[in-house]
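With the hints in hand, could you dock these two chains into one complex?
Each chain, letter by letter, is given below.
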Amino acid sequence: MKGYYDIVGDGGSDILEQVEAQQASIARSLSGVRNLLAVGSGKGGVGKSTLTMQLACALRELGHAVSILDADLNGPCQARLGTLQDRVLVPDDSGVPVPKTRNGIGVVSMGMVVPEPRAVEFESVASGSSHTWRATKEFTVLRELLACMNWGKLDYLLVDLPPGAERIVQYAELLGPAALFVLVTIPSDMSRGIVARSLDALAKTPNRILGYIENMDGYYCSDCGRVKPLFPVPSDVKLDLDCLGTVPFDPELAALCDRGGSLADSPGSFSWQPVQRIAEEVCRRASECAPYSKERR
Amino acid sequence: MKFLCVSCDEAMKLKEVNPPERGSLTVVYGCPRCQHEIAMLTNPYETQVVASLGVRVGGESAETEGASKCPFSGVVQSMGGGPEDLKIGFPWTPEASLRLENMPEFARPMAKTGIETYAKERGLTQIDAQVLEQAKNFFGM
Ligand SMILES: [Zn+2]
Chain A
1 MKGYYDIVGD GGSDILEQVE AQQASIARSL SGVRNLLAVG SGKGGVGKST LTMQLACALR
61 ELGHAVSILD ADLNGPCQAR LGTLQDRVLV PDDSGVPVPK TRNGIGVVSM GMVVPEPRAV
121 EFESVASGSS HTWRATKEFT VLRELLACMN WGKLDYLLVD LPPGAERIVQ YAELLGPAAL
181 FVLVTIPSDM SRGIVARSLD ALAKTPNRIL GYIENMDGYY CSDCGRVKPL FPVPSDVKLD
241 LDCLGTVPFD PELAALCDRG GSLADSPGSF SWQPVQRIAE EVCRRASECA PYSKERR
Chain B
1 MKFLCVSCDE AMKLKEVNPP ERGSLTVVYG CPRCQHEIAM LTNPYETQVV ASLGVRVGGE
61 SAETEGASKC PFSGVVQSMG GGPEDLKIGF PWTPEASLRL ENMPEFARPM AKTGIETYAK
121 ERGLTQIDAQ VLEQAKNFFG M
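Just so you know, the protein sequences line up as chains A and B, in that order.
Following my numbering, the numbering of the first sequence begins with 1 at its first residue and continues without gaps.
Following my numbering, the numbering of the second sequence begins with 1 at its first residue and continues without gaps.
No lab work stands behind these hints: they were computed from the structure.
One or more of the hints may lead you astray.
[What the hints assert, rightly or not] List time: in silico DSBU-like cross-link candidates among lysine-lysine, alpha-carbon distance up to 30 angstroms:
1. B/2 / A/100
2. B/2 / B/13
3. A/204 / A/238
4. B/120 / B/136
5. A/100 / B/136
6. A/228 / A/238
7. A/2 / B/136
8. B/15 / B/2
9. A/153 / B/120
10. A/153 / A/238
11. B/2 / A/2
12. A/2 / B/13
The following block holds chain B by itself, in its conformation from the complex (with noise of 0.2 angstroms):
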């Protein structure tokens, strides 16, 4: 979708993305010639759409919290698993987070519960990369 400003005969640029509420996308446009804005309100269909299609209004820039390093972004919500599954029973370090954000957003909260009761197991308290690698070793990978 692109949006024009008729009078100035310009492409209009986004400004600005507001995180979905009740299911509403607010993208607001503004005309590089005559700063003239607009705003496109999403219904919760069109949404619905753009999420399906694992993409981002307004791409990597816009703001978003748990964003992943997967080129498909956090718009593809969790399944198998809601925010209960995601809770921290582990301290994990920077870097062992950041191997998790290698991986669909759908396919974390298993490998995590996984890897934390491998971790327990062996009476370790926190993860970090060489546990990950122990891990890996172990489930034959």
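Looking at chain A on its own, in the form it has when it is part of the complex (with noise of 0.2 angstroms):
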């Protein structure tokens, strides 16, 4: 008797054929992006979105073309960091064009489909069960983002990454081995220590991780204008990866994205440097990986 292998083709059900198409067509929508970094940490409320748009900020300073994709279907931030919030996707003959900041940074994000307040929802047939297939789902709406937006020729297309340390290596599968990784924390043993089970997750993929960037390192005291600790006591947990800076916490950078604004709009503000030194060696050590879109396949 025939074998599952001895049977070429699926009979007509066409459900391998649909995956292949669908990764097919998100090649050739990321065809011309040099360089994909996906920005994740693990850890939920290190600033990681804000380190986004700010290290965007930086890298279009620097002369790039910048795209973001919020991968954060359940807590969008980036249409608002751009000020997209109220954006309409409009769209052409060849798919959907990126909408754009005041800095030229494109931004994709689910805050400019699913309105705030609203929740992301998915119909479901399977009432009750939405475990057993949300996160299916949800990386097939990723999906789709990716494929049906034209994200024409980029040098960085950032993707920020929602929380969840295990989830990491998914996010890795889906957006291929040549996909670059950028881990966020901060200087607790809490953050460093989920920080590093992400590591370890990545550790058991292809993907090159440039580096980590810890975030909320001290704070601007505008009484002696001095940066001061923000943890008192510093982290014993070590990361096996290199620092590619600190940031301190910024008020003036608390304000400035409530306004949708960005660092590149203030710079004197005594975070604007470390993030452009950061934006710096993020392309020092991309510029030593091969391009995404000939190794992603």
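As structure tokens, then:
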């Protein structure tokens, strides 16, 4: 009796072919992307999304074409960070053009598709079982966003990943082996511990991790004009990864972000220089890697 | 999943897919040699798992309403907007509707509402390719 592999084709259900077609259309859509840089952490609340936007601004200042995909479907904030939450996506003949911030950074976020304060919901025929299929569906939505947008020619596509150390591997698989990773932590044992888990999970993938960024590394005291520690005891947890740079907590940045602004609009700000140095370091390291569009498949 | 006619040792071919009823999909397979037919009946969990992949059993040829040009087909239902949001306030020309199909289904309701609001504010009466171009420029894309 014949076995599964003795039979050519799938008898017409066409499911494998459709999944392959999805992959092919993503590859087509991303064919102009030189570096795909996933910004992850594992831990929520470390300022990763804000830092992603600032890093995009700094890369843009260096003369690069940059876009951001907000992969956090359940807590999208890039639309708001780029003051694009009221922007309407308008399709054209070949797909959907990517909306741009006034600094020229392309942003695609669920925040443009699901109006605030609505939560992202999926229809289902299997009630009460969303834990079994929701992750699959979320990745389908991300694949659709990746495939249907006209990303065009980009030096950097930054992907702002949602929290979850274990899931970082699934994102690595989705984005392909040539996607580069940057991890964001804050100087606490808990945050570094979770980032260490993400690092361990990524070690099982072929993806290259450029390094980590230590965010909220101290705060600026306007009284004495110095950066003081935000966490009283330095973290003991060592990360087996290069540090790309540290960024102090910046109240000015928080206020700017609420107005949809960027540090690039406020070059005198004391956290702008660290972000710029990190962007330069990212460029230096990314240039040693093969271009994403060539190596992806 | 593949189906084998045991008596003929021959791979069965998909003949018919019936739309989900109470979450169950009926997929009929037939043996090309002896014409014997069987039906695969999925439970809602199985239907949902396939749906979550964004594929359609039977592929592009399967009959579905509101079929999308997007390779990820209609099984992915809209989110962030139910059918109410899709109620057309404005006539869309076939060309403009076709462009809308370049978008993932879940993104269409909000795009549609936004484009129609843009048109309404300008006293336009229908959405055609030209209006879409204008809206695209207006929204800075
Ligand atoms: Zn037979």
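Of all the hints given earlier, name the ones this structure violates by number, lowest first.
Failing hints, ascending: 1, 7, 9, 10.
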